[in-house]
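The hints should help you fit chain A onto chain C, whose structure is shown.
Quick mapping for you: the protein sequence lines, in order, are chains C and A. Convert by adding 190 to the 1-based position in the first sequence; the result is the number in our numbering. Convert by adding 2 to the 1-based position in the second sequence; the result is the number in our numbering.
Quick caveat, the hints were computed from the structure, so don't treat them as lab data. As the structure is a prediction and not an experimental result, all values here were calculated from the model. Please note that a few of the clues may not be correct.
As the list claims (entries may be wrong) - The following label-pair restraints were derived from C-beta to C-beta distances:
id : chain 1 : residue 1 : chain 2 : residue 2 : range
1  : A       : 421       : C       : 257       : 37 to 43 Å
2  : A       : 225       : C       : 246       : 52 to 58 Å
3  : A       : 290       : C       : 246       : 56 to 62 Å
Claimed, not checked - Just a few of them, taken from the derived set where beta-carbon distance is under 8 Å, the chain C residues facing chain A:
id : residue
4  : 243
5  : 248
6  : 270
7  : 274
8  : 291
9  : 293
To be verified - In silico contact screen, one side only, chain A against chain C (beta carbon under 8 Å); selected entries:
id : residue
10 : 266
11 : 267
12 : 269
13 : 270
14 : 275
15 : 278
16 : 325
17 : 326
Note that the Cβ used here is the ideal one computed from N, Cα and C, for glycine as well.
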Amino acid sequence: MKLLIVEDSERLRNSLSVGLRRSGFAVDLAADGEAGLRFAVGADYDALILDLLLPRMDGLTLLRKLRGQGKNTNVLILSAKDQVQDRIDGLQLGADDYLIKPFSFDELRARLDALIRRRYQHRNPIIQLGCIELDTTLRQACSPDGELPLTRHEFALLEYLARNRGRVLTMRNLEDHLYDSETLVSSNAIEVHISSLRRKLRSAGEDDLIKTRRGFGYYIDAG
Amino acid sequence: MTPANHSIRRRITAWLLVGIGLVLLTMALLLKAILDRRMQSEYDQTLLAKANVLATITTQEDKGVEFDFTDAFMPEFEASQNPEYFQLWGGHDVVLARSSSLAERDLPRFAEWTEGARIADLTLPDGRAGRRVEVDFLPRLDEEVTPGSLEPERVVLVVAREREQLDARLWTLHWILLGTVALVMGLIVLIVRIAVGVGLRPLDEIRTQLAGLGADSLHSRLRPRQRIEELAAMIDQFNALLDRLEVAFQRERQFSSDVAHELRTPLAELRSLAEVGGRWPEDKAMVEGFFQDILAATEQLERIVVNLLMLARCEEGREAIDSAELDLAASSASAWRRVLGQAQAKRLTFHYEGPPSVIVRSARDAFDLILNNLFTNAVAYSPDGDSIRCTVRNGDGSLQLSIANRAEHLTQEDLPKLFDRFWRKDPARTGGQHAGLGLPLVKAYAKLLGLTVSVALEPGQIFRITLTGPADVVPGN
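So that you can see chain C by itself, here it is in the shape it has in the complex (with noise of 0.2 Å):
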């Protein structure tokens, strides 16, 4: 899942990203309105924790720009600005949630997860694939012999992959899911990572999970 951070405090643009990034997401990151709305109209990102004070072009008129371009990404307003006009506004401009500084690390998370799950319609956080039961707040994929031992990439693709279900990803469309925009990424890590994954899932009694679709790429069964 990958995610753009729109905050011009450089320190908590640092830890947001390296604790995001930790708990298994791929996160863009901009400093001012002009560079995150860049960001969040060139790719499609999962969601999007945006600031309201920003220097360039504040938080509320990049979001309303966004919205204006018609992209229906996920945003989460995280804000010092505390006043219920300002939740209003902002939520009425096309917010999905907002959350005032300062915030608990781990109900941001619990928040993207759900934002999350609502843009791709799933209202239980374990996503059942086969015998294989992918809890996406603990980030873990259990068997019935117990825990596969999937890194950090390899569950983010097999959520990916699960949260699209029926659905071909090309190689490019995984890429930009699974890694930071700045992160260079070589030719055939993803077909490492599937290969991996695949790998460990036939271990757990998997054999033909993720499928491929010849000269399009990879998907998992609608079932």
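Quick look at chain A alone, frame taken from chain C:
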């Protein structure tokens, strides 16, 4: 106890109605008195005329007084229904004649004799209310009597008639008068109510507009459809008050928002750094970096809190001020040295204009704080490679110290807000070095020292801040 509500509408209505009512009542009573008097007078004149007619037929003859009257002459004195009465007395109260209507009865006479006619009410012999006239006269001498041959005999004539018709007419007149007064009063009540309603309509309109005003509608103004002379000044004053209130509210809102941002953002940073660092402690490099960030965020918070406390102490007059001699030129140079590092990084130059030494009595620490803040601001907001000028003038009993630097983004509209706590030109308030408390502190300390602070944006985007005070500056407390 809740005070009773007074109503202008009720008060004006009541005063008008009471006033007009009293005038109407007085006029009605006056009219009644005049009409009563006139009708009574006409009635009495008729009675007197009748008495005079009877007097003319009374003659003095040699053998005595002759009363030449027949009932056919004036039949009203013999009528069986509602008759009139007369009685004539001669000397020694001898009854000379009576009307047939009296039969053997007497009419009352006045106890004392007076010359001329006297008129009074009485109860007629038939029991009706009546009115009588009594005339005392010398009968005319008969033509056959030789003038001077005899002494005329004085006679008294009383003529009486009922007065019930008069009373009935007066009664009818009184009721007509009362009815007219009531009708006019009713019309006046109606007219007064309409007039007061129309007159007070602008007030009702203002009241409705005022009722719609609240904390959320401070942008609204009183705008009556017509400009009423008596209310114009009040409305203008009220709208001006709303202007000031709206500005104050906006400043208060901005202040709350700024405080929230200045305090919540470093707190959010601290919490996030602590939580993320604590979640993955095995990453030593990351945790060490986080410690540096935590220290910086803590220092930022500390600066804000310390500055706020200093401001609070200043505004409450609790900041201790010790007066001592200090050299302003040296203090300025010293303050510049403290920001020299940042100034050199931006290739800024410093120019001092003024006497080489300006000795004043003031509070050294407070003055240093003021100069530090002014130079820090000047360095922070000057464009790279520019210059900062400090000018000190001491003469004509006053002292003036000003610091000028180029401020490219400042506008005239920004000047009044410069001393608002937490105000910053950048609405995003990015970075933690400047919280917007420096100039409020300068103003608070200057006030303590008895100095005034003024700001100006001069041609060429030169921002000048000037401290002015008496030549021998002494602390306020």
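Each hint, compared with the structure:
no.: 1; hint: A:421 / C:257: 37 to 43 Å; in the structure: holds, 39 Å
no.: 2; hint: A:225 / C:246: 52 to 58 Å; in the structure: violated, 39 Å
no.: 3; hint: A:290 / C:246: 56 to 62 Å; in the structure: violated, 32 Å
no.: 4; hint: 243; in the structure: holds, 5 Å
no.: 5; hint: 248; in the structure: holds, 7 Å
no.: 6; hint: 270; in the structure: holds, 4 Å
no.: 7; hint: 274; in the structure: violated, 12 Å
no.: 8; hint: 291; in the structure: holds, 4 Å
no.: 9; hint: 293; in the structure: holds, 6 Å
no.: 10; hint: 266; in the structure: holds, 4 Å
no.: 11; hint: 267; in the structure: holds, 5 Å
no.: 12; hint: 269; in the structure: holds, 4 Å
no.: 13; hint: 270; in the structure: holds, 4 Å
no.: 14; hint: 275; in the structure: holds, 5 Å
no.: 15; hint: 278; in the structure: holds, 4 Å
no.: 16; hint: 325; in the structure: violated, 42 Å
no.: 17; hint: 326; in the structure: violated, 41 Å
Hint violations for this structure: numbers 2, 3, 7, 16, 17, all remaining hints satisfied.
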